[in-house]
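Asks: Letter by letter, the chains look like this.
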Amino acid sequence: MFGLKPDAALELPENYYVLDDYEKGIARWCDGCGDHAVLASVQKLCREEQLDPVKTVFVSGIGCSSRFPHYMNTYGFHGLHGRAFPVACGIKHRRPDLDVFVITGDGDCCSIGAGAWIHAIRYNVNLTVMLFNNEIYGLTKKQQSPTSRIGTVSNTTPRGSILPPLDPMQVTLGVANASFVAQTADWNPAHMHATIKAAHAHKGFSFVHILQRCPIFQPELVNELTSNRDNICYLKDDNGITVSEDIEKTFKHSAPHDPSDINGARQLAASEEKIYLGLFYQGKNKENYDDYGAHNLGVTVEEKTAMLNAEFDKYGI
Amino acid sequence: MFGLKPDAALELPENYYVLDDYEKGIARWCDGCGDHAVLASVQKLCREEQLDPVKTVFVSGIGCSSRFPHYMNTYGFHGLHGRAFPVACGIKHRRPDLDVFVITGDGDCCSIGAGAWIHAIRYNVNLTVMLFNNEIYGLTKKQQSPTSRIGTVSNTTPRGSILPPLDPMQVTLGVANASFVAQTADWNPAHMHATIKAAHAHKGFSFVHILQRCPIFQPELVNELTSNRDNICYLKDDNGITVSEDIEKTFKHSAPHDPSDINGARQLAASEEKIYLGLFYQGKNKENYDDYGAHNLGVTVEEKTAMLNAEFDKYGI
Amino acid sequence: MSVTTELKEKVTQKGNKAIRLSEHIVEIVSDSGEGAQKCGQSFASISAKMGNGVWTVEIIPAEIQPPARTREGASGIRIRIGSEKVTNMGNEANLVVAFNEQVPYGRIDQSAYTEGTIMLIESKWAEEASDSIRESYAEALKDFNERGYEVIEVPMEKECLKLVKNPRKGKNMWVLGMLCEIYSRDIGRAEAQIKQIFRKKSDTIINSNIDLLHAGYKWAKENLDFEYEITPMELDEQLVVMNGNEAVGMGVIASGMEVCSMYPITPATSASHYLADVFESAGGVVHQAEDEIAAVGFAIGSSYSGKTAVTITSGPGIALKTEFLGLAAMAEVPLVIVDVQRGGPSTGLPTKVEQSDLLAILYGQTGDAPKIVMAMATIEECFHFVILARKIADSFRTPVYLLTDANLATGQQPFARPKIQRDWFAPPVDQSPWKEGVTPFNWDPETGLSKRPIPGQSGGIYTLTGLAHDTKGKVSYNPDNNQKTSELRSKKLATFKRTLKPPTINGEESGDLLIVSWGSTLGSIEEAVGLAQKEGLKVSSIHLRFLSPLEPGLKEIFSRFKKVMTIEINYSDKADADGITEDNRRYAQLAWILRARTLVDVDCYSNVMGQPLSPKKVLREIKQRINK
Amino acid sequence: MSVTTELKEKVTQKGNKAIRLSEHIVEIVSDSGEGAQKCGQSFASISAKMGNGVWTVEIIPAEIQPPARTREGASGIRIRIGSEKVTNMGNEANLVVAFNEQVPYGRIDQSAYTEGTIMLIESKWAEEASDSIRESYAEALKDFNERGYEVIEVPMEKECLKLVKNPRKGKNMWVLGMLCEIYSRDIGRAEAQIKQIFRKKSDTIINSNIDLLHAGYKWAKENLDFEYEITPMELDEQLVVMNGNEAVGMGVIASGMEVCSMYPITPATSASHYLADVFESAGGVVHQAEDEIAAVGFAIGSSYSGKTAVTITSGPGIALKTEFLGLAAMAEVPLVIVDVQRGGPSTGLPTKVEQSDLLAILYGQTGDAPKIVMAMATIEECFHFVILARKIADSFRTPVYLLTDANLATGQQPFARPKIQRDWFAPPVDQSPWKEGVTPFNWDPETGLSKRPIPGQSGGIYTLTGLAHDTKGKVSYNPDNNQKTSELRSKKLATFKRTLKPPTINGEESGDLLIVSWGSTLGSIEEAVGLAQKEGLKVSSIHLRFLSPLEPGLKEIFSRFKKVMTIEINYSDKADADGITEDNRRYAQLAWILRARTLVDVDCYSNVMGQPLSPKKVLREIKQRINK
Ligand SMILES: Cc1ncc(C[n+]2csc(CCOP(=O)(O)OP(=O)(O)O)c2C)c(N)n1
Ligand SMILES: Cc1ncc(C[n+]2csc(CCOP(=O)(O)OP(=O)(O)O)c2C)c(N)n1
Ligand code: SF4
Ligand code: SF4
Ligand SMILES: [Mg+2]
Ligand SMILES: [Mg+2]
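Protein chains in written order, with the numbering used here: chain W, 1 to 317; chain P, 318 to 634; chain G, 635 to 1262; chain H, 1263 to 1890.
I should point out that these hints are in silico values taken from the structure, not numbers from a laboratory. For glycine and all other residues, C-beta sits at the position ideal for the given N, C-alpha and C. It is possible that part of the hints are untrue.
Listed below are the simulated PhoX-like cross-link pairs for lysine-lysine, each with C-alpha atoms no more than 25 Å apart in a straight line [stated by the list, open to error]:
#1 P:K514 with P:K458
#2 H:K1746 with G:K1189
#3 P:K372 with H:K1697
#4 H:K1746 with P:K631
#5 G:K1250 with H:K1746
#6 G:K1131 with G:K1172
#7 H:K1300 with H:K1404
#8 H:K1431 with H:K1347
#9 H:K1824 with P:K631
#10 H:K1800 with H:K1734
#11 H:K1836 with G:K1135
If the Cβ cut is set under 7 Å, some of the chain P residues that face chain W in the computed set are [as the list claims (entries may be wrong)]:
#12 V470
#13 T474
#14 G477
#15 L480
#16 P481
#17 L483
#18 V488
#19 G491
These stretches of chain P come out as covered by chain G in the derived footprint (C-beta under 8 Å, 3 or more residues) [to be verified]:
#20 391-404
#21 454-460
#22 516-523
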């Protein structure tokens, strides 16, 4: 943090934030963990958007991924397992000036946090939400997650898990007031970055489902996901997540999809053939609960006093 | 319960259960409350299916509707607000011989119980679930519910609620392993009864969303729902909920829908034009978690002892 | 329709001056939904406005639709009015208005009436088509007479029918009129009251209710041959009258908190109803969360962001908030938690009063989670303690718990109109730069106190965590750090305790018996202690407002009394119950912590009958202990 | 690569007989993921199988991937082996194997080593490319020498490289070989051990590890000039060796419970891992619920259906279960709750030991929720108490809590192989007709006990509810009923207490100081008390297994000692800390309830350093109190 800022050599405005300004400590994730990639992307986003670190808050639950706030040089709230959403809503509710991000894992969000998640979608508070789905419990060392595929061998399912995985996209798209629902993969940094960026630009609850590598506890899955290009399909639309042509070419498959079409979005999510990366759905002008929260900010002590006195008059003897 | 059974005059087998056998006490719901109608329908179902009262369990949360088990002369579990699902799953898990019903309200299921609900759908335990949706908190006297329409005036939203309502059908259809998803209305007893009956016949988590009248706290809504026949559309399919022609005629609108078509089901649920009554979706041969639960019942003490001794050998010195 | 002969002798003939009373207890009991509470609250309000002391207790059935005409269905209200300040519900009622003959039994079960209680009972049941109803009515009347009540049959619905089509709906205002006449209330004030309660209704409705009021008044004037007057107090100050939940709501506003995050639960919900109604105009918002966990999480988020918030709940809600409350203690998040206690454990007795969350509040979180806990004793304190709690929460960077209960929540009582002070209100969110070199947990080693950075403050960046952390807020698994920071968090209690004074003693500084109590029982206990003192018994009492840390000097005070006991509304084994010994007796909750704190053999009387304690019951216990 | 001169003098030359020791403490410390724990556990197992007393403590960093080569990253294991039964982790280590020079500092911070500790350290860092690593290695070695450790550099990876490509992976087995040689372990047993731990792996992997084992053994034989032997115990019984969580898992099976409903949480999870692995073959199932609320709800459902279930968790999980635990008490649902305690409050110190959930377990639920609480003191008890708990739960129709902790959970200790008894196992679900005339809550007025109907039993129909209810299980708001049923639920504790005996006293029946303790500290405390007694100090100790109800007769026992104190691993204010007085001191958790129960001035020593207590620390406290 001291000395010459790395990109200070460029001619930049005085208060320009550089990557360094968003970095804190050394991220304690395993080598090859997808979380590193997301962290890098988010720090880059902050710089690109020139987010004021002191006006930015990262909120998380508990899990490997939820360590994220500790590695951002912004305000942070590393709370309880499964409870990032209510905390984030509470922060944003009356602080429209803050830029609030939520980091959550598949256990954190889809298992213990499922109730809060459903309702956060409906509240549609202006949050940028990243769900790190490694289809396993990382921090507690390999237990099945609700997103684990059938047959996942874990410490609680030594003979393979038996239930079909919950699909975070399908669930999200089933909740009223869903407003931005996208899917990306940590090993495609360009696409992931474009997705996070679009999510951040959206006003409302921007839900980014990130397929995340956990080479420690899901090595085969990581291998399959990252090597089998047949499964993955890029969603192409001008209103969707757009990447450069070079990046586009790296996808073996692509498909058109209008992100305003929620029925289409649900069908994509339900598809068992392909994993689609891109913007599934974006709805504009949805109700934002934080607009309500902030609608009467700034009432003065005088006004409050007058209001209370009027109340006492009502209850007066 | 004593004396001659009401329908004993008919020639019936000795152990034939009559309605009386399922009734307990006087239901303490308000006059005109839809809960009365559901109770009657369920008692009728029990008689039709000749359910053994001692092998039948009604599990509920807390709310007006959740008083239900107290009025059934079967085993019952009137537990905690929002927590009927895990209790019911725990009961059914190792007791395949029990017939387990779940009674829940819109607050109980969709608000505080949302997490448990989502996961219960995925577990797909063989339960018959009835969600009593009066779009309001009844027992605690008129607070908004997540299913309340925008503008609902309640004690916590005196100037009208502001968020769009959660649709229990859409949410359920977004969850992996959903297996039976139907919608009916308490003021159409014939359709409701056919629905509950089909739900009970289904193996798995049979979810019946019941539009329920609360004339005390939702008088206008009740009025609108029950008088405006334009909104309501009967889903007609041989594999769906079928009612007699007479009843069919009472519907102003009907539409075909194949209940094996989940995309179609999601579209019906998302429709803002009509309220569809009938079977939205039924999937067969889905994974049932209680099959796993009961897969190894009946291991004897001798076998357990042998197994433990083998373990001690492993850990022996 | 006329008063019994015995009664006649006691009451003044009409035309003569009304009987002057120093106080009277009135009850209105009915089936649920008949408006008895509205009637009683109006009567209480009018009385308070006329300068009487007042205390109300609602009689609430737990079911939404209890069966009609049953003792379990008894719904209604008790109003105690006096020429002095009234601090509790008193003993047996003097006058009862009953809408049918069954509901009084729900109260008789609770020894609410006694010989001489006047019972004004709806007479229509005598003419009911159903034989069984007519019979049960006749039987009950006979029984009431045998019990020595002064029964007067009143044709309530019959009279109302002259004015309205559905007398069941209007009856309550007719009864209000009748009561106004009996107690010489100002009918103009009654009219104003009706206009106030029906302010959201149409003029037609208002007028019809005013007509009923006058009809009831007129009927009583013409048909009842007794009249009372309760001398008003000399008021040298302005008063307001409200229930405890309304007072909490106003306290929230006056504290400057702008976020109330809650999930509905009886008997707490009405506080948020009140706030939902008016908070927005004072710059506040009520958030109805999806459950209690989310409610407290949202409040903590709000507090973290600089807007210290309040969450209001009852027992089962407290249970669900447990984990987040541990986080608030660990991460030192200012937060106000109001627990409107009800009967427990589990769902228990949702509408009834109990003081049995004390231990759960004090010790409910795993690990060591120090906190500040206060309990309101009066409705006035329901207002003022919220303001105090917000201040303590902010300056001690801690969750502060406020314990009230179903009794305070629904009771009404006049108190001095608060003079609003500027410094009650939380200052605006601090966005000035954070002082350089100061860490986010810059604990003062003497006091454990520290200032917290608020998002938006430059230089204050930190990540709040529930993991063990050091002065920088960084996760630390260092053994010494955990010991040190635990000490610092604990120290805040010692620091806070230094700001407290020992409790004042009601009565002599020493004696045979000291009663220790907390919460809503204050009025009954002080009334009983006063009576006992008048009888020459050497009994005094202290009433605690701070439960964590406990008020100082208790051991020393206890040492001046031969016996010390608590009186509480929660569970304890009776000392003389079968099989109960000193070694296994389970004590009332405050008694238990006082024993641990002072090592004095603190005895207790408590019960879980779901009822406020009457002074009579307290007096009986005092006498028993003193004679033992 | 040879032993320092000082060391040489102490150790016997090779060829001579190995030195006989009565006990030794070995530590292996490494970066996380280097297999130190597997190595240590194997070493412990082999030692136990050879007839030594053994105790292990895992050294666990809280992060999944702590930075390499840092003190916070220290991961590993301590193994104390002796020729007698070993009951605790002991004091400083005698011999340390360190995989780098930084991790020992994590332990030095905790005073784990002392002058004379032999440190076998990986030497490869001396040849590292990075200057800074080489420097820091050299510096540390210098420092270790200054601290008086006997440093021996060992070329671990270099040697392994001769056999495998990735020495970081195989090193641990090489070290195991080295340790086997040093401690004269049977290499055949070591081979068998390797086959057992890698049983799910390929033969190639097994063989490669066996090769490494032999290589380490050989290297030590050739390069180290000292050798130890620890005389085995005379074993007249068969032993098993396992950690506390495995013992809990086996206890669950032996109790006949067939449902373990849980949500993963450190340090409880490994108990369910064990069960997940083997339970199915014993007719059981592990349910990983979506969260802790659902986990306990599912368990309660299972219990209600006749299959009394267990739920296993730690602090934050207990917090979330609070509401359901209140229901279990109120509705009298048999249930076994295992709390593997960790450091709190909040997320706290997830991998560290603490005994600070006692108050939350006892008082966490709102309302009065009586329950039975037991705490295991040894790994053997981890097994047997589960069996007992299930029985009590069923016969007292109540939740039973078992408190264990991170220390027991991961520690290994041999104990007498249990002789399985038929009556440990729960009988099959009762489906015989329910006795006519017996209500579902047919409480015995003397004991509070009642039998419960199980769905499927004809004549037993009832609806379980968390609302107040009568003997028929019907909702009742009747005041007397609530008082009565609360008394009956409370009475079960008095009844249960009558089955308990006063604790046995370790030492004289009276004296200057009595130590009272509970849980995993037993071994250290008794060792320390033994030492103190040998020094002539009049100190005795008692160790409680039952916390609710408390074991009987404590007051009487306390009265025979001049001072009584508890020693616990949880938070308490130090009596002599600045600003702390008798009036505000916050006591350790057991001390607090003992004060309330006995009115004896019970003092305490406790800390929240996240570490098991060493006998040395305990001894120091004993001396301090006795001299005061
Ligand atoms: C109330 C509570 N229950 C359980 C835990 C233990 N726990 C911590 S993280 C975690 C799951 C982590 O999985 P996920 O959310 O997928 O995150 P990941 O580590 O995979 O990034 C669990 C069960 C906890 N901290 N708190
Ligand atoms: C933990 C907890 N929180 C809150 C309550 C209070 N409560 C009881 S029922 C209810 C909501 C009832 O609404 P719904 O589920 O829609 O059922 P209805 O009464 O409308 O049938 C609430 C908030 C409770 N009993 N427990
Ligand atoms: S365990 Fe998996 S998710 Fe956790 S840090 Fe390592 S690679 Fe990432
Ligand atoms: S309040 Fe509404 S839901 Fe409840 S019983 Fe009455 S009508 Fe039914
Ligand atoms: Mg994960
Ligand atoms: Mg409802």
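Asks: Are the hints correct? Go through all of them and say.
Replies: Going down the list of hints, with the structure as the test:
For the suggested pair K514 of chain P and K458 of chain P, the alpha carbons sit about 31 Å apart, so the restraint of at most 25 Å is broken. This hinted pair does not check out: K1746 of chain H and K1189 of chain G have alpha carbons roughly 33 Å apart, beyond 25 Å. Distance hint between K372 of chain P and K1697 of chain H is fulfilled; the C-alpha atoms sit about 17 Å from each other, no more than 25 Å. Restraint check: the Cα-Cα separation between K1746 of chain H and K631 of chain P comes to about 52 Å, which exceeds 25 Å; the hinted pair is violated.
Between K1250 of chain G and K1746 of chain H, the direct Cα distance comes to roughly 21 Å. Compliance with the 25 Å bound is thereby established for this hinted pair. For a cut-off of 25 Å, the pair hint linking K1131 of chain G to K1172 of chain G is broken: about 30 Å separates their Cα positions. For the proposed pair K1300 of chain H and K1404 of chain H, the alpha carbon gap of about 30 Å is over 25 Å, so the pair is violated. Pair hint K1431 of chain H plus K1347 of chain H does not hold up; C-alpha atoms about 33 Å apart against a cutoff of 25 Å.
At roughly 49 Å between alpha-carbon atoms, K1824 of chain H and K631 of chain P are farther apart than 25 Å, so this suggested pair is violated. Of the supplied pair hints, the one linking K1800 of chain H and K1734 of chain H is violated, its CA atoms being roughly 56 Å apart against a limit of 25 Å. A hinted pair counts as satisfied when its Cα atoms are at most 25 Å apart, and K1836 of chain H with K1135 of chain G qualifies at roughly 24 Å. Because the closest C-beta pair between V470 of chain P and chain W is about 16 Å apart, greater than 7 Å, the hint is violated.
A hinted interface residue such as T474 of chain P counts as satisfied when its beta carbon comes closer than 7 Å to some beta carbon of chain W; here the least separation is about 10 Å, so the hint is violated. Of the supplied interface hints, the one on G477 of chain P is violated, with its beta-carbon coming no nearer than about 11 Å to a beta-carbon of chain W, more than 7 Å. Here the hint on L480 of chain P is kept, as its CB sits about 6 Å from the closest CB of chain W, short of 7 Å. Checking P481 of chain P against chain W: minimum C-beta separation of about 5 Å stays under 7 Å; hint holds.
For L483 of chain P, the suggested interface contact is upheld, since its CB lies about 5 Å from the closest CB of chain W, less than 7 Å. Taken as an interface hint, V488 of chain P checks out: its beta carbon lies about 5 Å from the nearest beta carbon of chain W, inside 7 Å. This hint holds: G491 of chain P has a C-beta 3 Å from the nearest C-beta of chain W, less than the 7 Å allowed. Only residues whose beta carbon comes within less than 8 Å of a beta carbon in chain G count, and the stretch 391-404 of chain P has 3; three or more means the coverage holds.
Given as covered by chain G, the stretch 454-460 of chain P passes the check, having 6 residues with a CB less than 8 Å from a CB of that chain where 3 are the minimum. With 0 residues having a beta carbon nearer than 8 Å to a beta carbon of chain G, the stretch 516-523 of chain P misses the requirement of three or more and the stated coverage is violated.
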